[in-house]
Amino acid sequence: MVNIVPEITRKSITELIKKGERADGRSPNDYRDISLEVGVIEKAEGSARVKMGNTQIMIGIKPQIGEPFADTPNVGVLMTNSELLPMASPTFEPGPPDERSVELARVVDRCLREGEVIDLEKLCIIEGEKVWMIFLDLHVLDYDGNLMDAAVLGSVAALLNTKIPVAKVEEDNVVIDEENSVELPIKEKPLMCTFAKIGGELVIDPSLDEENIMDARISIGMREDGSLCAMQKGGEMPLTNEEIKEAINITSQKTKELREHLK
Amino acid sequence: MIFVEDKNLVVPGDVLADDEYHTGRGTFRDGNKICSSLVGLVAVRDKKISVIPLQSKYIPKRGDVVIGEITDIRFSMWNLDINSPYSGFLPASDVFGKEKRDLNKAFDVGDVLFLRVVDVDEVKKVKLGLKGRGLGKFRGGILIYITPTKVPRLIGKKGSMINMIKDETKCDIIVGQNGVVWVKGEPEMERVAEKVINMIEDQAHTSGLTDRVRNMLYELLGKEIEEEKEDVEEEVPEPDIEE
Amino acid sequence: MKIEAGVLERADGSAYLEIGGNKVLAAVYGPRELHVRRIMRPDMAVIRCRYNMAPFSVGDRKRPGPDRRSVEISKITADALRPAVFLEKFPRSTIDIFIEILEAEGGTRCAGITAASVALADAGIPMRDLVVSCAAGKANGNVVLDLSENEDKEGEADLPVAIMPRSGEITLLQMDGHLTSEEFDKALNLAVEGCKKINEAQKEAIKNRYGEENG
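These protein sequences, in sequence, are chains A, B and C. To convert, count from 1 in the first sequence and add 630; that's this note's numbering. To convert, count from 1 in the second sequence and add 5; that's this note's numbering. To convert, count from 1 in the third sequence and add 111; that's this note's numbering.
No wet-lab data here; the hints were simulated from the structure. Just so you know, these numbers come straight off a predicted model, no measurement behind them. Note that CB positions come from ideal geometry on N, CA and C, so glycine has one too. There may be inaccurate statements among the hints.
What the hints assert, rightly or not - A few chain C residues that face chain A, going by a derived Cβ cut-off under 7 Å, partial list only:
#1 GLU120
#2 ARG161
#3 PRO175
When you get a sec, could you build the whole thing from the sequences and use the hints?
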């Protein structure tokens, strides 16, 4: 379904942003209300439900024992998948993941992987043969703009919430102790901030209306020490060097605020 | 015999009355019983029982005035989204008469218009028109979307509610029967009107709303609002729609 | 059991249901324009349903995407709800129902139908009655109501049923297993009684969305 934004709406949002205001009353650097609940799905070894404004994502973590990648035989595997459920938006169709869904999963995956959330080396059971594979499934339930930041925040929360069964090696066999579980070995807590460029200005955490009229978008993944672990530009128009630098600066401060939600 | 009271909240399948009564909007006859087909409030007038829905899509009706957005331009017409399962078309002849002209010179995709529903056929193809006072293209302003069944509540008895909002915010406000509202004024006032309209939509089914709207305007505008000289009746105006 | 109506912002109607270990989210879009001309009907709306299980909803992760079981359940769910909806009021349109199983513990198809019914009402779609569903079965030689996942695996029969409670008309009936005629009668009655109780919870959930009854 094509979503054509009325010219009136495009103009009114843009004019407000040029004056430093936003349609929902926020400032350019304000996030919407955020809520984060963990352990919501008992059958999942880790889970979280994140809400950013009306955007809502359910994240589930399921570990499985499998083979490591050939080039990294002593390291566990993170697999990220995303479903843009048709119930989340009239623009999401049922079927295999489309380009938006695939982009979301891959950006989140890169942010978590390069952000070193999981200490993957600790997930090795038998080098070259058996490692823990952590499946992270993003289930988008309601879409009101800015899936990336919500997805990363929810994913980190879900991983922090995850307990995996103890795996022991007995005579070359892997024995899983269902009775005992340990926390997933967590190293870092990277988070992501997304900005939309509208009317020459950058606004953080774009709402759906803002996303529909934006010229460009930049998402920045950052670790606790302020180093960058992922970036993704979106949108049809270009960004300047200065704009990207500005986004990185603001991300530095905002990820600290977002991290508070993980406590 | 009637089994419910005026203004009761009912759900689909609820038995409302027996066949002493007539079916109105939102009800149907099942054997010798009258039942609700919707989630809504019971409205009893004489022996006619209706249910006013709390949630509903807009179904176009001849004579309605609606606000629509141009989504496509065809050979001799524009297609419009009128916030309904059914889209509408506006014939070029309505604007250009018999002359042939480039349609997008008049209206382009993304333009928002105030139109009249000229005709609706049996398969719900909707013909729109621009002939009439005040109809035409909107310039500037903002759009607010509310549930179509709440339009009468927003307008108020004899326009009392909407006029109160217009006067206090000094905005032009046009309410389409399809649940689309256009507001134009000072940007801060537009946002005040938007907040108030959203609150009315949220609480359309409750009583005491007029006072709360007045208080909200007072708070948001930071000033006294004159009490209406006449008492504004609290009754929910019944929409003038046939079953 | 917990039912909540109106839990999503974008969808026209929605409902969340928890029963046993099941967590189900149902959403409705419609009536809305149908672009697939092949299935469009000039005289009434069509109903399309998609039942889906989240990968993390079960013990062993389920690969995303529809499998044959989901396709069948999608069909019987649409069939169970269709008789209740006044489809003739909306020619040339579609009513799309999405059911997402967030956590599964036996009886998800019944939970899905029950939640979808609330979502349809929440969306303002006119219906003859709410549709409500639950399952009876036979486990350990006894006819019982609402089998859990384990009982279903080990049990002798599973009987999901959906009804329109006011008339008692049956819109879904499946049986898997082995029952005598008498056992079937007993199971069916149990299921219908169970449905009527759940119907009360559906009504309450819908009314709670709007607060106290208007005075």
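Against the structure, the hints:
1. Taken as an interface hint, GLU120(C) checks out: its beta carbon lies about 4 Å from the nearest beta carbon of chain A, inside 7 Å.
2. Interface restraint check for ARG161(C): the shortest CB-CB distance to chain A comes to about 5 Å, inside 7 Å, so the restraint holds.
3. At about 6 Å, the closest approach between the beta carbon of PRO175(C) and any beta carbon in chain A falls short of 7 Å, and the interface hint on this residue holds.
In summary, this structure violates none of the numbered hints.
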